[in-house]
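S.K.: Residue numbers 716 to 822, in the numbering used here, belong to the letters of the sequence shown in order.
For the record, the hints were derived by calculation from the structure and aren't laboratory data.
These numbers come from a predicted model, not from an experiment.
It is possible that some hints are incorrect.
[Unchecked claim] The calculated DSSO-like cross-link candidates involving lysine-lysine, where the alpha carbons are at most 27 angstroms apart (straight line), are:
(1) LYS766 x LYS783
(2) LYS745 x LYS766
(3) LYS722 x LYS766
(4) LYS728 x LYS766
(5) LYS783 x LYS745
(6) LYS812 x LYS722
(7) LYS812 x LYS728
(8) LYS812 x LYS783
(9) LYS783 x LYS728
(10) LYS783 x LYS722
[As the list claims (entries may be wrong)] Estimated spans, in silico, between C-beta atoms of each pair:
(11) ARG746 x LEU790: 17 to 23 angstroms
(12) ARG746 x GLU819: 31 to 37 angstroms
(13) GLU741 x ALA796: 23 to 29 angstroms
(14) GLN810 x ASN756: 18 to 24 angstroms
(15) PRO749 x ALA724: 33 to 39 angstroms
Ideal placement from N, C-alpha and C gives every residue a C-beta, glycine not left out.
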Amino acid sequence: MRIQLLKRASGYKPFLYDVSHHDFCEYLEKRNHPFVNIIFNSLANYTNVNKCPLPSQLSIEHFRFPVKSLDLLPLPFGEYAIYATFSAEQRERLQLKVFFTLTEFRK
């Protein structure tokens, strides 16, 4: 599993967080990274990836990223992306890309 936060500045560049866990099942058991927890908790109700062993078919349905969940992070205004890649059995199983803009009007 790899989750990155990127900020747009002449293309999307890594910004603050680039988290890799070699064992996704270990993460699911411990849930010990605050940034990953924000992302994963946002997905929890929309995916079948919530415990191990992982299902043979992974899915995310009807997902809208709750940008308000990022209020806990010290992010300045701007355009961002979150890239998440989930691997199992040494192959990429799921890739998620979320793009959003933070403005002064977020409340």
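S.K.: So which hints don't hold here, by number, going up?
M.R.: 3, 4 and 15
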